[in-house]
Amino acid sequence: MEIFLFQFLNLDIMRQAWPLILSGAQMTVLLCLAVIPLGLFGGLLVATGSISQWRALRWATKAYVDFFRAVPPLVLLIVIYSGLPFAGIRMSPFMAVCIAFFLNASSFYGEIFRAGVESVGRGQWEAARSTGLTWLQTYRFVVLPQASRNVLPDLVSNTVEVIKLTSIASVVSFTELLYAADMARSVTYNTSPIVLAAVLYLIVLWPVVRLVSRLEHRLGH
Amino acid sequence: MSALLDVRGLRKSFGTTEILRGIDFSVAAQELVFVIGPSGSGKSTMLRCCNRLEEPTAGHVFVDGVDLMAKGTDINAMRRRIGMVFQAFNLYPHMTALGNVTLALRKVLGKGREEAEAIGIAALDRVGLKEKAGNYPSELSGGQQQRVAIARALSLEPKIMLFDEPTSALDPELVGAVLGVMRDLKEAGMTMVVVSHEMRFARDAADRIVFMADGQILEQGSPAEIFGNPQNPRTRDFVGELSR
Amino acid sequence: MTGLERFQDAFLKPELIERYWPDIVSGIAVTLQIAVAVVVTGLALGLFLAVIRSYRIRLLNLPIIVFVDIFRALPPLVVILIVYFGLPNLGINIPGFAVLWLVLSLVLAAFAEEIFWSGIVSVRKGQWDAARSTGLDHWQTLTSVILPQAIRICVPPLTNRTIAVTKNTALGTVIGVGEIMNQGTSAMSLSGNATPLMMAAVAYVVIFVPVVALGSWIERRFAWKRA
Ligand SMILES: Nc1ncnc2c1ncn2[C@@H]1O[C@H](COP(=O)(O)OP(=O)(O)OP(=O)(O)O)[C@@H](O)[C@H]1O
Ligand SMILES: [Mg+2]
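Chains as they are written, first to last, in the numbering used here: chain A, 1 to 221; chain B, 1 to 244; chain C, 1 to 227.
Read the hints as simulated data drawn from the structure, not as lab findings.
Check each hint, because a few of them may be wrong.
Unchecked claim - Distance condition first, Cα-Cα at most 25 Å in a straight line; then the derived SDA-like pairs of lysine to any residue:
1) A:Lys-62 / C:Pro-156
2) C:Lys-125 / B:Asn-232
3) C:Lys-125 / B:Asn-135
4) A:Lys-62 / C:Phe-222
5) A:Lys-164 / C:Pro-63
6) B:Lys-159 / B:Ala-118
Said to hold, decoys possible - Some chain C residues well away from chain A (every beta-carbon gap over 12 Å; in silico):
7) Val-25
8) Val-30
9) Thr-41
10) Ala-44
11) Arg-58
12) Ile-80
13) Thr-143
14) Ile-151
15) Val-206
Even glycine gets a Cβ: it sits at the ideal position worked out from N, Cα and C.
Please model the complete structure; the sequences and the hints are all you need to start from.
Structural data, given as structure tokens:
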């Protein structure tokens, strides 16, 4: 038990690692602030494409979504960060993470938005168009607000996934929370810094996870 | 003492509100007892206490002399002796009519498939639905579904049957067939407790009417007494309201 | 050298494809083995926990809910690193692939429990009443009446979640599990060429595109049936 506490919940080591971990946490927050809006924006584009009248565009978005939902995000990230330099395209870890997350998250958010848009009845389109609103106005002011509300639990739950996923940025040496914690681990030979990082993730995400299951259970009835 | 069902000092609270406030009543073999009363008076709760679907807070329920609340009582063995029919039918949607009827025969009584199906077909025949044995609940009318539910309870050869508003979810034209089945049961000597607002049926078929309000039994007597000459003012109001 | 040739030289060099083909194939085998193991143990454990939870014993439910919440809230990579680097410090040595299997199974179990549980509570209470009133006990009611109805609702989210968790087998590369990605990146640094990495990526696409397509087919089919 003592050795367990020493290895996993070592307060001294946690205190030493704290400044490093705090700066890592800040980077994680920054990263989230970049990739979540990017993903949502991309998702809207994807959803719009997937309901397009234009068949080629529909197919293209479907291929895009199927492809990027299938590729593990870590694979995508490594290909972009370590593979593209062979083609002479070199970029910072941050840039690589942003691109990989845009491709991955937009396809997941896109599917969610599409389901939302499809859940809004034809009647809403017809009613809005009959009052003279253009297609875009109808989409923007009538359909999307209802659509997002209908799929809110899925949007929140996917956002939790995106936040968790930022931890893979550590693999390309982006100094976010997990990278910082793992660095502290490797110099102290002690697991406590990663446990501390886990605690930070939990503090932020546990309430959201609870909220998601509330929302899902309520809508399920 | 030939009471088949004997309820003694039954109390039930949900949280801090007491819904049943000391119920005593008994049902003799082959008797048909009707329970009436305003909405929320605790009729369903009382009925559900009679097979411990609802756990009483205090009191005892004896069925055929066995104390349902006693520690050693095998409640599942007793439950198959106590048939129950629900307002919402509660048929299993993923099973055919026959599957609904045979499930407990196989799982509780441990009967083989063939024997269970023979009993099940006979039970469906009793409610006039033999030819619907292979249909799923979604392919049956409400009245047919309720009759399958009755067959499901009947197939276990219960000593007593409890009905909780068996016809109130049905369209008026489907009520007759269900009441017809209940009438046949009565004639065959089944002991029944029926919560229902089918007053005509109560007048014709019931041996006794029990009037409940606010978790208590306020009055009981023959249909003639309760409908013709109620003593309690609340019974009078309720009966007057119904017959208007 | 034309642009196309230069591209081919960096990403699709035939002799490298030939040389590292066996490595990638062995990586595929590892990935598939771990994925199948994770699916089996994760779903089984999740179902088991949901069944336990259906007995509504407070003393057991609390730890289940805490377990489920924690594993849904934590990034799997964080847990993998804690287990992989933490256990040896306690004198427990388990190989990387076992760590990956264990952690991903727990993650899948957490999500699966939540999904199975939603399915169980979505079945109307009257179904319990009816079954219990005919003498079926809790276990018989659950297995014969409740779960067969719940499963239909569970299948689409379960499929999606299972796919998501199996894709996480790629995280094994971080702790040196010899799965596809690991084979690809180590061959890349050995050969100084991106061809093995491309092969690994293609392997993932070839494995998971059909799986994801199957997943959305299942999702649509079940949605249609419910309507
Ligand atoms: N599980 C429960 N939890 C809390 N309160 C309950 C529960 N079940 C019933 N009640 C309450 O108990 C009271 C009696 O309910 P019950 O269903 O027994 O009435 P009833 O006489 O059958 O009414 P109705 O004619 O409307 O069916 C109601 O006020 C109801 O809100
Ligand atoms: Mg009632």
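Now for the hints, and whether the structure bears them out:
1. A:Lys-62 / C:Pro-156: Within the cut-off at roughly 19 Å; holds.
2. C:Lys-125 / B:Asn-232: violated, 36 Å
3. C:Lys-125 / B:Asn-135: holds, 23 Å
4. A:Lys-62 / C:Phe-222: Holds, because 20 Å separates the two Cα atoms, which is no more than 25 Å.
5. A:Lys-164 / C:Pro-63: holds, 23 Å
6. B:Lys-159 / B:Ala-118: Holds, at about 20 Å.
7. Val-25: holds, 17 Å
8. Val-30: Correct as stated: the minimum Cβ-Cβ distance to chain A is 14 Å, above 12 Å.
9. Thr-41: Check passes; 20 Å lies beyond 12 Å.
10. Ala-44: Fine: 21 Å to the nearest Cβ keeps Ala-44 (chain C) off the interface.
11. Arg-58: Consistent with the label, Arg-58 (chain C) stays out of reach of chain A, its closest Cβ about 18 Å off (over 12 Å).
12. Ile-80: Violated, since 10 Å does not exceed 12 Å.
13. Thr-143: holds, 22 Å
14. Ile-151: For Ile-151 (chain C), whose nearest Cβ neighbour in chain A is about 15 Å away, the distance exceeds 12 Å, so it holds.
15. Val-206: For Val-206 (chain C), whose nearest Cβ neighbour in chain A is about 9 Å away, the distance does not exceed 12 Å, so it is violated.
Going through the hint list in order, the structure does not satisfy hints 2, 12 and 15.
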